[in-house]
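Participant: Sequence:
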Amino acid sequence: MEIFNRREPIILFAGDLLAFSMALWLALAIRYGAIPSGNLLATHWAPFSFLFLLWTFVFFVAGLYEKHTLVFKGKLPSLILNTQVANSLLAVVFFYLIPSFGITPKIVLAVYLVVSFLLIVFWRVSLVPHFGFRNRENAILIGAGRAGTRDTSFKSESSDSSAESEMQELKEEVNGNERYNLKFVSSVNLNQLDGIAFQEEVIEKVYSEGVTSIVIDLKHEKADTILPSLYNLIFSNVRFLDMYKVYEEVFDRIPLSLVGYNWFLENISFSPHTMYDTLKRMMDVVTAGALGVVSLLLYPFVMLAIKLEDGGPIFITQERIGEGNRIINLWKFRSMRGSDSGKWVTDGDDRITRTGRILRRSRIDELPQLWNVVRGDISLIGPRPDIVAMGKKLAQELPYYTVRNLIKPGLSGWAQIKQDIAPQSLEETRERLAYDLYYLKNRSFILDLIISLKTVKTLLSRTGK
Numbered sequence: 009m010e011i012f013n014r015r016e017p018i019i020l021f022a023g024d025l026l027a028f029s030m031a032l033w034l035a036l037a038i039r040y041g042a043i044p045s046g047n048l049l050a051t052h053w054a055p056f057s058f059l060f061l062l063w064t065f066v067f068f069v070a071g072l073y074e075k076h077t078l079v080f081k082g083k084l085p086s087l088i089l090n091t092q093v094a095n096s097l098l099a100v101v102f103f104y105l106i107p108s109f110g111i112t113p114k115i116v117l118a119v120y121l122v123v124s125f126l127l128i129v130f131w132r133v134s135l136v137p138h139f140g141f142r143n144r145e146n147a148i149l150i151g152a153g154r155a156g157t158r159d160t161s162f163k164s165e166s167s168d169s170s171a172e173s174e175m176q177e178l179k180e181e182v183n184g185n186e187r188y189n190l191k192f193v194s195s196v197n198l199n200q201l202d203g204i205a206f207q208e209e210v211i212e213k214v215y216s217e218g219v220t221s222i223v224i225d226l227k228h229e230k231a232d233t234i235l236p237s238l239y240n241l242i243f244s245n246v247r248f249l250d251m252y253k254v255y256e257e258v259f260d261r262i263p264l265s266l267v268g269y270n271w272f273l274e275n276i277s278f279s280p281h282t283m284y285d286t287l288k289r290m291m292d293v294v295t296a297g298a299l300g301v302v303s304l305l306l307y308p309f310v311m312l313a314i315k316l317e318d319g320g321p322i323f324i325t326q327e328r329i330g331e332g333n334r335i336i337n338l339w340k341f342r343s344m345r346g347s348d349s350g351k352w353v354t355d356g357d358d359r360i361t362r363t364g365r366i367l368r369r370s371r372i373d374e375l376p377q378l379w380n381v382v383r384g385d386i387s388l389i390g391p392r393p394d395i396v397a398m399g400k401k402l403a404q405e406l407p408y409y410t411v412r413n414l415i416k417p418g419l420s421g422w423a424q425i426k427q428d429i430a431p432q433s434l435e436e437t438r439e440r441l442a443y444d445l446y447y448l449k450n451r452s453f454i455l456d457l458i459i460s461l462k463t464v465k466t467l468l469s470r471t472g473k
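If you're matching positions, the sequence shown starts at 9 in this note's numbering and goes up one per residue.
Don't read these hints as lab results, they were simulated from the structure.
Taking lysine-lysine and the DSS-like style, the derived pairs with C-alpha atoms no more than 27 Å apart in a straight line are:
{"#": "1", "residue 1": "Lys462", "residue 2": "Lys75"}
{"#": "2", "residue 1": "Lys230", "residue 2": "Lys253"}
{"#": "3", "residue 1": "Lys179", "residue 2": "Lys83"}
{"#": "4", "residue 1": "Lys191", "residue 2": "Lys179"}
{"#": "5", "residue 1": "Lys213", "residue 2": "Lys227"}
{"#": "6", "residue 1": "Lys179", "residue 2": "Lys213"}
{"#": "7", "residue 1": "Lys230", "residue 2": "Lys179"}
{"#": "8", "residue 1": "Lys83", "residue 2": "Lys253"}
{"#": "9", "residue 1": "Lys213", "residue 2": "Lys191"}
{"#": "10", "residue 1": "Lys83", "residue 2": "Lys191"}
{"#": "11", "residue 1": "Lys462", "residue 2": "Lys81"}
{"#": "12", "residue 1": "Lys75", "residue 2": "Lys253"}
{"#": "13", "residue 1": "Lys253", "residue 2": "Lys462"}
{"#": "14", "residue 1": "Lys465", "residue 2": "Lys75"}
{"#": "15", "residue 1": "Lys449", "residue 2": "Lys465"}
{"#": "16", "residue 1": "Lys253", "residue 2": "Lys191"}
{"#": "17", "residue 1": "Lys81", "residue 2": "Lys253"}
{"#": "18", "residue 1": "Lys179", "residue 2": "Lys449"}
{"#": "19", "residue 1": "Lys253", "residue 2": "Lys213"}
{"#": "20", "residue 1": "Lys462", "residue 2": "Lys83"}
{"#": "21", "residue 1": "Lys213", "residue 2": "Lys230"}
{"#": "22", "residue 1": "Lys81", "residue 2": "Lys191"}
{"#": "23", "residue 1": "Lys75", "residue 2": "Lys449"}
{"#": "24", "residue 1": "Lys400", "residue 2": "Lys449"}
{"#": "25", "residue 1": "Lys81", "residue 2": "Lys179"}
{"#": "26", "residue 1": "Lys75", "residue 2": "Lys179"}
{"#": "27", "residue 1": "Lys462", "residue 2": "Lys449"}
{"#": "28", "residue 1": "Lys227", "residue 2": "Lys253"}
On a predicted model such as this, the values are computed, not experimentally measured, just so you know.
Please put together the full structure from these sequences, using the hints given.
Facilitator: Written as structure tokens, this is what we have:
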């Protein structure tokens, strides 16, 4: 059963193209004060069509075709504004620096940029929500903390509260967002249930609320005792969904309360020598080598800026934790005074130099690590490697944290494009681990390509802060 419309990106893409096309027609009508003739439309259609495709690619890189969660919707207006500003600059460059199309539409382009922005905002903010599910199915959410799990390896108060938090997070996201085909009319905590009362409550809800789906924690030890009483509901066309699979599908990360020995054996064990790994290594060498050569053009300016500020060393090497917990040495342009090992680095950290703030925001300080990629210490895509002292500290505080070191770390990763900033607390690091485990489970060429493209948006957004 699909809990959201998988054709959503296609609908968004088609709507964007339609909005761009309508904007061109309206811009010509406004500019010339009449309905555009066929010849006028034809003259402008070819160059603008190419621009439409370029703009939708920018939309993709900016994340406008991602899952429209509640958090994403909160960022949508500002994201559209920033993206359209970038698209406007592209349009100016396109028409005035590439004169191949034979037109340089000054007034038409200015009018078009305004009209297209208004249409995109109207389409994305006002119309898209109406494409959600109007008659959503009623569902019951049945779950609990890890206190009742069969796998006792991850039991703790924090993990128990984490599970309750994940359950509540899922409920709020699904109930508050029309993009899902479900809404939870009730939720039940498995750790607090009484067998007979539970059966009566759930079955009564199924029939009184017209429930057609039950989302349940199938890993809970009490699941075996309650499933027989729920079994007959399948004859009433009630569907059963794994709560944690739904959570992963909605948030693109692994619910850490689920993680235990069984989960790793089912999802993470894989051969270290596959065609994917071989081809990925080839792409790393070719791409990082080419980017490394181009990046040499920036080195003199960066080196001069660092030296002029405090006269200290230009490059530093950091011991980081690599694949298989092996210690690797990464090269960086120096951006801080003293040592940054063993502590989270916050935005206002007084150890960061003025030049260093610019280098860190733009990630120019990590350009020398392209040569680490060529050497094979890291990959272009993978979990970010921890400084040794920090990695050891986190391994003691977060169960299974070192599993992220099963694969080669990377310059950018799934967590980096999903989190606005690098983790600055233990809770943010837990979230990063959830994204890293998602990548370990689902890594592929397609996912690597998506991460590569979205990294561009991440770099631009950080640079602009």
